[in-house]
Amino acid sequence: MKGKLKILLAVGAFSVIMAGCTNSGSPNGMEGMDHSKMNMSDSQQNANQNKDQSGEIKLAQATPVVDGKEFTITAQPSNLKVSNDLTLPVWTFNNSVPGPEIRVKVGDTVKIKLKNELEEPVSIHWHGYPVPNNMDGIPGVTQDAVPAGKEFTYEFKATVPGTYWYHSHQDSVNQLDKGLYGALIVENPNESYDRDYTLVLDEWMSSGEMDMSNMEDMEGMDHSQMNLGDMSNMTEMAGHDMSMYDLYTMNGKTGDSIDKLIVKEGDKVRVRLINAGYITHTLHLHGHEFKVIASDGQPVNSPALISDQGIAIAPGERYDLEFTANNPGLWLLEEHEKDGRVKNMRTVIEYEGATGQTDASNAGDELPTFDLTKYGQQAKANFSLDQKFDQDVKLNLNTEMKDGEMVYTINGKIFPDTDSIKVDKGDKVKVTFVNLSKTDDHPMHLHGHFFQVLSKNGKPLEGTPMIKDTLNVKPGEEYVVAFEADNPGGWMFHCHDLHHASAGMVTDVMYEGYKSNYTPDPTVGNKPE
Numbered sequence: 019m020k021g022k023l024k025i026l027l028a029v030g031a032f033s034v035i036m037a038g039c040t041n042s043g044s045p046n047g048m049e050g051m052d053h054s055k056m057n058m059s060d061s062q063q064n065a066n067q068n069k070d071q072s073g074e075i076k077l078a079q080a081t082p083v084v085d086g087k088e089f090t091i092t093a094q095p096s097n098l099k100v101s102n103d104l105t106l107p108v109w110t111f112n113n114s115v116p117g118p119e120i121r122v123k124v125g126d127t128v129k130i131k132l133k134n135e136l137e138e139p140v141s142i143h144w145h146g147y148p149v150p151n152n153m154d155g156i157p158g159v160t161q162d163a164v165p166a167g168k169e170f171t172y173e174f175k176a177t178v179p180g181t182y183w184y185h186s187h188q189d190s191v192n193q194l195d196k197g198l199y200g201a202l203i204v205e206n207p208n209e210s211y212d213r214d215y216t217l218v219l220d221e222w223m224s225s226g227e228m229d230m231s232n233m234e235d236m237e238g239m240d241h242s243q244m245n246l247g248d249m250s251n252m253t254e255m256a257g258h259d260m261s262m263y264d265l266y267t268m269n270g271k272t273g274d275s276i277d278k279l280i281v282k283e284g285d286k287v288r289v290r291l292i293n294a295g296y297i298t299h300t301l302h303l304h305g306h307e308f309k310v311i312a313s314d315g316q317p318v319n320s321p322a323l324i325s326d327q328g329i330a331i332a333p334g335e336r337y338d339l340e341f342t343a344n345n346p347g348l349w350l351l352e353e354h355e356k357d358g359r360v361k362n363m364r365t366v367i368e369y370e371g372a373t374g375q376t377d378a379s380n381a382g383d384e385l386p387t388f389d390l391t392k393y394g395q396q397a398k399a400n401f402s403l404d405q406k407f408d409q410d411v412k413l414n415l416n417t418e419m420k421d422g423e424m425v426y427t428i429n430g431k432i433f434p435d436t437d438s439i440k441v442d443k444g445d446k447v448k449v450t451f452v453n454l455s456k457t458d459d460h461p462m463h464l465h466g467h468f469f470q471v472l473s474k475n476g477k478p479l480e481g482t483p484m485i486k487d488t489l490n491v492k493p494g495e496e497y498v499v500a501f502e503a504d505n506p507g508g509w510m511f512h513c514h515d516l517h518h519a520s521a522g523m524v525t526d527v528m529y530e531g532y533k534s535n536y537t538p539d540p541t542v543g544n545k546p547e
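To convert, take the position in the sequence shown, counting from 1, and add 18; that gives the working numbering.
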């Protein structure tokens, strides 16, 4: 199975390697750019191409909340009005970005039919959810991507409550950029809130004026004459530049166009934060004490009230906040950073009947960053540092130059040459992440499983048992995590900055003896990353 998975994924991984950061095969460096997000005049021109049958320009609708027990999702082109003066051509699920917010309850059997009205094949991956392997939505691995005009039905049982999301995993570095994602909420019957809001964070390119000078300079250089220090510095410089994403959105809207969160005094309010983009966003809730009650859908034990802390949400991560609406007025929930782009990632918590502005932005101020490793209280957990493990794996994550191309490596290798983590069902697996990159974060995501974080930089965690499916490993950091091999199959384990994944930072967890009934169709064009 390992060899089969490697071969199947190889074509996809390297066919989109240029879609990440290098673009070395394109004379002008534009090949890997997402052309759905160009400058205003270009985007309006492209938007004119997405028309309905009557010839009218088709506009995406507001995201609906739907019962996902049995539901149809259609992938289709449209145009997203992110503000009053900017409309972007996008790909959508059911003509909305984000796609429908799917809500089910624990115990429900979920049946989602995906229909494809795009010209390109698509799939759906249920990010963070432990679905059966054949429902994981990985083209060429668990299923064929769904071609134009075809459909596929996903079915799984909702067993674990929390905040999750779904997105295409076909050429995902580009298809997420175009808007193919949505929220999956599995409700706990023992919880109730007066208001329950979901905010999906993303970033877009509204202008095609990406500065490619660094890349062009690198293409023209004689790399053989450069020393390793020069190469390392240039690699990090090029790889870390995400400035082309100049437009930040919440739920597909930006700045003053973002919908307000309406509350009334006394309400118990839950805010679910999902990062569907490729940049970490740090949000600050003004005017209220709050609790962080869940991370990646998993509950925090005995969360304490905090205030004026920035919640840093890395690509693929989710954080759930809870507060009591006890301070009437209009209060910001905004991103904090000195970068001017953040001014567009903010919404207003508005109390019913409130008039006038009672709050002002302080987005440029530095706040203490919320630290989940020291939050909540310790409790009995599945794993500890001093127990015996069946597997002990070390993953060194790095940014390197290989053959004149910038790549992202695991233990010095790029996919599909990375070493699989081979397990037997029931194995207890310890994994150590070490980020050797100088400037690049690596939010590492494991499909099909949750893992427990045991230590950070050599120190055991002090707070709640920290259960996650996506963990952001910053430069120089080392984390030890552990998981139980309790979901047989072949599972991807990769960086969820998908530019990094498409350029090599992918490995897999392979169960010994697992046999899939799936045989890939070589004509579909499966691109799993």
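Since the hints were made in silico from the structure, they are not lab data. Predicted model, so just to flag it, every value in this text is computed and none were measured. Glycine residues also receive a C-beta, built at the ideal position from the N, C-alpha and C atoms. Please note that the accuracy of each hint is not assured.
[Claimed, not checked] Derived pair list, reagent style EDC-like, types lysine to aspartate or glutamate, alpha-carbon separation capped at 20 Å:
1. LYS440 <-> GLU480
2. LYS282 <-> ASP377
3. LYS446 <-> GLU418
4. LYS278 <-> ASP408
5. LYS356 <-> ASP445
6. LYS361 <-> ASP389
7. LYS175 <-> ASP126
8. LYS443 <-> GLU418
[What the hints assert, rightly or not] FRET-style restraints, in silico, Cβ to Cβ:
9. ASN208 <-> GLY167: 40 to 50 Å
10. LYS123 <-> ILE75: 37 to 47 Å
11. ASP103 <-> LYS420: 37 to 47 Å
12. PRO207 <-> THR171: 24 to 34 Å
Tested hints:
no., hint, result
1, LYS440 <-> GLU480, "violated, 31 Å"
2, LYS282 <-> ASP377, "holds, 17 Å"
3, LYS446 <-> GLU418, "violated, 31 Å"
4, LYS278 <-> ASP408, "violated, 50 Å"
5, LYS356 <-> ASP445, "violated, 45 Å"
6, LYS361 <-> ASP389, "violated, 24 Å"
7, LYS175 <-> ASP126, "holds, 6 Å"
8, LYS443 <-> GLU418, "violated, 34 Å"
9, ASN208 <-> GLY167: 40 to 50 Å, "holds, 43 Å"
10, LYS123 <-> ILE75: 37 to 47 Å, "holds, 38 Å"
11, ASP103 <-> LYS420: 37 to 47 Å, "holds, 43 Å"
12, PRO207 <-> THR171: 24 to 34 Å, "holds, 26 Å"
The structure fails to meet hints 1, 3, 4, 5, 6 and 8 from the earlier list, while all remaining hints are met.
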